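**Student:** Below, each chain spelled out in residue letters.
Protein chains: 2
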Amino acid sequence: MSTHFSPLKNDTFLRALLRQETDYTPVWLMRQAGRYLPEYRASRQGAGSFMSLAKNPDFATEVTMQPIDRFNLDAAILFSDILTVPDAMGLGLYFEEGEGPKFERPLKDEQAILDLKVPEEGSLQYVFDAVTQIRRTLDGRVPLIGFAGSPWTLACYMVEGQGSREFHGIKSMMYKRPDLLERILSLNAQAVATYLNAQIDAGAQAVMIFDSWGGALADGAYQRFSLKYMQDILNQLQREKDGQRIPCIVFTKGGGLWLEDMAAIGADALGLDWTVNLGQARARVGDKVALQGNLDPAVLFAEPDQIRQQVTATLQSYGKPSAGQGHVFNLGHGISQFTPPESVQVLVETVHEVSRQQRLQA
Amino acid sequence: MSTHFSPLKNDTFLRALLRQETDYTPVWLMRQAGRYLPEYRASRQGAGSFMSLAKNPDFATEVTMQPIDRFNLDAAILFSDILTVPDAMGLGLYFEEGEGPKFERPLKDEQAILDLKVPEEGSLQYVFDAVTQIRRTLDGRVPLIGFAGSPWTLACYMVEGQGSREFHGIKSMMYKRPDLLERILSLNAQAVATYLNAQIDAGAQAVMIFDSWGGALADGAYQRFSLKYMQDILNQLQREKDGQRIPCIVFTKGGGLWLEDMAAIGADALGLDWTVNLGQARARVGDKVALQGNLDPAVLFAEPDQIRQQVTATLQSYGKPSAGQGHVFNLGHGISQFTPPESVQVLVETVHEVSRQQRLQA
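These protein sequence lines are chains H and Y, in that order.
Numbering of the first sequence is given in this note's numbering, commencing with residue 759 and proceeding in unit increments.
Numbering of the second sequence is given in this note's numbering, commencing with residue 759 and proceeding in unit increments.
For the record, the hints were derived by calculation from the structure and aren't laboratory data.
Keep in mind it's a predicted model, so treat the numbers as computed, not measured.
Take these hints with a grain of salt, some might be off.
Identical chains share a label here; the pair holds if one copy fits it or two copies do between them.
[Said to hold, decoys possible] Heads up, simulated EDC-like pairs for lysine to aspartate or glutamate below, C-alpha to C-alpha not over 16 Å straight-line:
{"id": "1", "residue 1": "K986", "residue 2": "D887"}
{"id": "2", "residue 1": "K934", "residue 2": "D1063"}
{"id": "3", "residue 1": "K934", "residue 2": "E1061"}
{"id": "4", "residue 1": "K934", "residue 2": "E1111"}
{"id": "5", "residue 1": "K986", "residue 2": "D1019"}
{"id": "6", "residue 1": "K1046", "residue 2": "D897"}
{"id": "7", "residue 1": "K1078", "residue 2": "D1045"}
{"id": "8", "residue 1": "K1011", "residue 2": "D781"}
{"id": "9", "residue 1": "K767", "residue 2": "E857"}
{"id": "10", "residue 1": "K860", "residue 2": "D839"}
{"id": "11", "residue 1": "K813", "residue 2": "E1061"}
Please model the complete structure; the sequences and the hints are all you need to start from.
**Tutor:** Following this line, the structure appears as structure tokens:
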């Protein structure tokens, strides 16, 4: 595929991920296109189920652009869900009002696992179409991030059928029949690698792997059942497209104890949740990877002055970026639906302003 | 109060907490008296609400003894709940079938916070009566652990009214009105210190502070809003009773990144969840504190061979105890209600057997 896109006007986000110098710290927010925006709620209103909309490239483009049009963000992220891949494997992803994602046909027994196949060609075309349409609509304003769930996180939902507190089903499988779990994980890794490569072909300029449930694993089990399969993906990923490096960000929520291991699998950057001290994380990973994060999303419920204070403290915790290191500002988790949009405005302005000043200091 | 209790026959648990030499690694399990035991379910059957039973010292004694009678455990823990203190403050603790704890009268507004008072004398007498009765019934077989929730964890439930995923209410308060939150936390710390001291007077031979939700806090916020108030408790705690040191264990679920800070507040031991590498944790805290933990409770869903393997790996991860250090074996979280009791038998035997062998190795 050879698609011509407009040249990029703001590459600050990509430069920070590649640990190159930037004039300021770039910022985007996980789940930045979402329910906290009145224009998003208006677009959703009476327009059908979440999945029917997520599968509609026009809708995905419209809502992806909403936070870009409203705030001075440094990256756009594809509007989609981390569970599109198992949905395309035939598990039947659906959402019920006010609840997390669920599967109609979770992996109930060994036979279901043996029958599992990577998605058929074309079954995820709606995602790639959305990527291309969004990239065209962005017209070079900021880079577009593609993404997928990690093999372990996908497997959690595929086995449990939904989110879980204790992960009774998948953890039983992990300790009793690790061979079965590894079969699912291998297949997921292969499917996710193909999926991300197709997003890159379609126009994604960076990709992110969301390991939302890696932090539920024990030390040792994390390395074996989550990290290894993310590394498998990285090994299969095209890292350059049209002469541009395509950075890859790996984010394990609750993975702060394993940063050294995560920094060694070949990612360009690591996402961090808010439990991690940014300065300490920076010292631990050195110039191996850039860091992305990590404000507590709950800060955005506070008043502007308090938001400014907390954002500044986060930037100071990372410190002044030096050559060969990079920081992308983000929340430590997706933005809450209860966030006042004005708070995001304050956050973005503060990140840009304070990080410019920071670079001018001796 | 001067109560005469039988001399202790098995002090392995206390010695390990105090970093003295032991012949083997002692073991107990969080929530060891609970629904996974058929005898517990039989005692509960038709016997009234959870709280009416928890307030009945005869019942508390009966179920506390059940795992001690069944397994070769090295400690008993008072059957109670972490939320007894706010219940005694008048918030009305209750449990609905299959759900977590809730409060009838959570702290809805500033006035409710200003009106909050430490529990009236006598309102927690049922707990102290249970402690004394259990200690008598134990007759020196193993030590009895008393416990309480941490000020932050209590505040989470007091403000949210129940468990929470995002802690929208209390985190909003934390960032908007830290003065109000600090008022609650100070009061909680004072009440918990009084409560634990009374448990020690009544016969508790060690105490543990459960900080179940400390891991929801951002770095920095944890130190200010959770750790500080646990330190306040430790500063007020009687650490010796009848010539015996009363060890105190502090457990922050999800607190693995903050072990150095936790080791500095004056606790004798730290509880660890399963995300922490025991060997690394040992290196980080040195001889400042003993460690307790940290098997993934889901291991107990596996077959005996796999349980033995995982228990052995956990002991090896800690390594052979050396002078001035100590390890107490436990799960990284409460035992699941779905655990087969036979699995616990395998765990306890393996811990004792393998840890004895470990000490004989060069």
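**Student:** Compare the structure with each hint and give your call.
**Tutor:** To see whether the hints hold, each was checked on the structure:
When the C-alpha separation of K986 and D887 is checked against a cutoff of 16 Å, the pair qualifies neither within a copy, at 30 Å, nor between copies, at 52 Å. Proximity of K934 to D1063 under the C-alpha cut-off of 16 Å is restricted to the inter-copy arrangement: shortest distance 10 Å between copies versus 52 Å within a copy. For the identical chains of this complex, K934 and E1061 are inter-copy neighbours only, at 7 Å across copies versus 50 Å inside a copy, given an alpha-carbon limit of 16 Å. Proximity of K934 to E1111 under the C-alpha cut-off of 16 Å is found in neither arrangement, the shortest distances being 53 Å within a copy and 23 Å between copies.
Within a single copy, K986 and D1019 get their C-alpha atoms as close as 10 Å, which meets the 16 Å cut-off; across copies the closest is 31 Å, which misses it. Neither within a single protomer nor between protomers do K1046 and D897 lie at most 16 Å apart by alpha-carbon distance, with minima of 32 Å and 58 Å respectively. Proximity of K1078 to D1045 under the C-alpha cut-off of 16 Å is restricted to the intra-copy arrangement: shortest distance 14 Å within a copy versus 35 Å between copies. Taking the closest pair of Cα atoms, K1011 and D781 never come within 16 Å of each other, the shortest separation being 29 Å inside a single copy and 39 Å across copies.
Taking the closest pair of Cα atoms, K767 and E857 never come within 16 Å of each other, the shortest separation being 39 Å inside a single copy and 52 Å across copies. When the C-alpha separation of K860 and D839 is checked against a cutoff of 16 Å, the pair qualifies only within one copy, where the shortest distance is 12 Å, while the shortest distance between copies is 33 Å. In this assembly of identical chains, K813 and E1061 lie within 16 Å of each other by CA distance neither inside one copy nor across copies; the values are 37 Å within and 43 Å between.
Against the hints set out earlier in the document, violations occur for numbers 1, 4, 6, 8, 9 and 11.
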